[in-house]
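With the hints as constraints, model all of the structure from the sequences given.
Chain by chain, the residues:
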Amino acid sequence: MAAADSPSAALRRHDLCSRGIRLAGKMRSDVVDLLDTYVERQGLDASASVAVVEGVPAAAVERWDEQTGTQRLLENLAAYRAFRALLAQMLEEQREQLGEADAALGRALAAVLLQVSAFAYHLEELLRLESRGPPSEEGAGPPPAPHLGLFERKLRGLGVLRELAQWAVRSARDLRQLAKPSPGSSSAPGPAESP
Amino acid sequence: QNLKCVTHNLRKMICTWDISSKGRHGQTDFCYTTNDLPPPVCFKTKEKRVEIPIPESSTTVTITTNSVSGTALATKEFEIHKKDISFVPLTPHILSLTPDFSTSTLNLKWSDNGSVFPYGLDAFWQIQILRKEAMEKVTQVTYYSKLTHEDIILSWNWTSDMPLECTSHYVKIRCYINVTQFVGSKDWSDWSPVEELPGKDTEPNGNGVFPQDTVVAVGSDVTICCVHKEGQQIQRMTYGPEIYPMVHLSSRSSAIRVLNASASDTSGTNVVCILSEDEMDGTVLFVGYAPDIPQNLSCETSNFLIIKCTWKPGRPSGLYGKRRTKYSLFERISGKNVSCEVNEMNRERVCGFPVLADQKTYDFILGVSNPIGQTESSLLVDLTQRVHPKTPEKLTVSGNSSTSVRLRWFINGSFAETRLLCQIEISNGHPERKLHNVSMPGGKFSTYTAQLNTLHPYTKYQFRVRCSAADHFWRWSGWSRTEEHTTLEA
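Protein sequences, first through last, are from chains C and D. Quick note on numbering: the first sequence equals residues 1 to 195 in this note's numbering. Quick note on numbering: the second sequence equals residues 1001 to 1490 in this note's numbering.
Careful: at least some of the hints might be erroneous.
As the list claims (entries may be wrong) - Partner residues aside, some chain C positions facing chain D, computed with beta carbon under 8 Å:
| id | residue |
| --- | --- |
| 1 | Asp30 |
| 2 | Leu34 |
| 3 | Thr37 |
| 4 | Arg41 |
| 5 | Ser49 |
| 6 | Glu96 |
| 7 | Ala101 |
| 8 | Ala104 |
| 9 | Leu150 |
| 10 | Phe151 |
I should point out that these hints are in silico values taken from the structure, not numbers from a laboratory. Cβ atoms here follow ideal geometry from the backbone N, Cα and C, with glycine treated the same way.
Set out below in structure tokens:
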């Protein structure tokens, strides 16, 4: 964060961060529940190892503490925009493959997609506070879904959800880092406790 | 020595012989009589093989072997009778071997070479299917055809018990022609050259689990194979939660055999090929039922705009999404076809078909299909006898007398060519309710009225109404809402 915040901007950012942390916490628990449902409904082995899914940004990051606030926000936003598209793909495939047969899994997927979209919007809000604004979305979407067999798609979905669960944890940490008052601004209440 | 004559076409024969003495020889003088009548036909040949016409009955052959300088070394005479000639058809050739991977079916095409033979001969074709690196015989089939003195391309299909991708399949064919009037010995032709259908295990990037995402009927026996890279080892193959014993097909392919497959879950049964701790491949098998014949197919109209057909689907297919059972309604008289949007999760199925101008009778065929099978149900309907009006709406009761009231209601629908029978229920708090029937000409999205007399003065009544077709009763509509009205004092 380049310049020292004005008190109102710091308060606004702190508020957004706190709400973001809570949203990330909720998203994570929902994603974990969804993962259990997904594994069970798709007949997968919970311990199955899944290759890195193309188009899914990795949550693990080296030198996490050296990242600037803007870098954190930008990486988070890129990730959740990618997840938004990937989850929408999964939902579409779910409807195509199962129709009405597994409405519960479909609803759970849609609910998480909603949260991911909300979180992405939240991140855009935080970036707007940076007065640089979020990057535009043209051409930023993940690559079109490669032609995969159904089993590979099931594994891919598993990979997406696992990575999303990791990202939710990282996002909470990033937001907590962001919520720390930057130098020269008045101190603000500590961030909300995350999971 | 060993003079042998073989015919491939019943007209000419190829005679071959051996020469016993060693050493180098010059040309051979070959003479044969035609139907044992002199003079013989003679010619020289370097081969130990000649093609001459088949004799009517017999022929005398004289073979003289000469030295390189041309002096006769040995002469031998042979009497060849028709019975000494053997008939061996020419080796057939496979014209095409075409796979249909989606159905694991091979299509074989070959020419019957019939133009060579007289019309009407019976031909038998033995077809052998071989498989795997060791070219093990999988099956041998005899196919029958009749020759027509023309070259006909014959076609034959064979469905493999395993996906054609799993490993290479090979086909060869030979034939036997039953020439009853040919007195010599008759034999099978040679086998054709082998035609290969390469499996994915011969392609560099052919890895995968096959069949890919296919649908089979409950109770089927299914072979599923895993094609992997050279040098890789399959640790195990699982079908659903179970590990299955593997059958080696080739150095890059192994298979499991699932017997009497049971219905899969909604998302299918995963078949996983585990190659190492972090490398696996897989496919999904959907095991379901062919559609049941629709039960209780019934069609009616509530407004003469749309015909609503309903039916009971019978046993669920267990297939969903794009593999679900699909329905279409075909009407034979008009030739119109409608595909039905059906929610597979609710028990009753409904499909709408437009009422057609000037058409009273409808000959419906409800077509039902899913990837496993199809069936249909039919129904002939006279629409005027299947009128089930909608529930009357906007019932109002008015009256400015002590013993009579006027009821008015609206029915959503076009009944211009139908006479309606409406039933008015009258109750005034006593358990016993009176029913008053009234019939009236139908209208187009009309309001209908009826007058009730002989009521009691200053009495609170509840009225409600329902309607049906007057001429051919089919079903009552639902009851309208109840309307209250109190008659005036006397």
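Here is what the structure says about each hint:
Below 8 Å, beta-carbon pairs count as interface contacts, and Asp30/C has none with chain D, the closest being about 20 Å; its hint is therefore violated. Given the 8 Å rule on beta carbons, the hint for Leu34/C is violated: about 14 Å separates it from the nearest Cβ of chain D. Below 8 Å, beta-carbon pairs count as interface contacts, and Thr37/C has none with chain D, the closest being about 11 Å; its hint is therefore violated. Nearest Cβ of chain D to the Cβ of Arg41/C: about 6 Å, under the 8 Å cut. The hint holds.
With a cut of 8 Å, the hint placing Ser49/C at the interface with chain D holds, because the nearest CB-to-CB distance is about 4 Å. This hint holds: Glu96/C has a C-beta 6 Å from the nearest C-beta of chain D, less than the 8 Å allowed. A distance limit of 8 Å between C-beta atoms decides the matter here; for Ala101/C the minimum to chain D is near 4 Å, and the interface restraint holds. Annotation: Ala104/C was flagged as interfacial toward chain D, and the flag is violated, the nearest CB pair being 10 Å apart, outside 8 Å.
The restraint placing Leu150/C at the interface with chain D holds, with a minimum CB-CB distance near 4 Å, inside the 8 Å limit. Hint status for Phe151/C relative to chain D: holds, with the closest Cβ pair at about 3 Å, below 8 Å.
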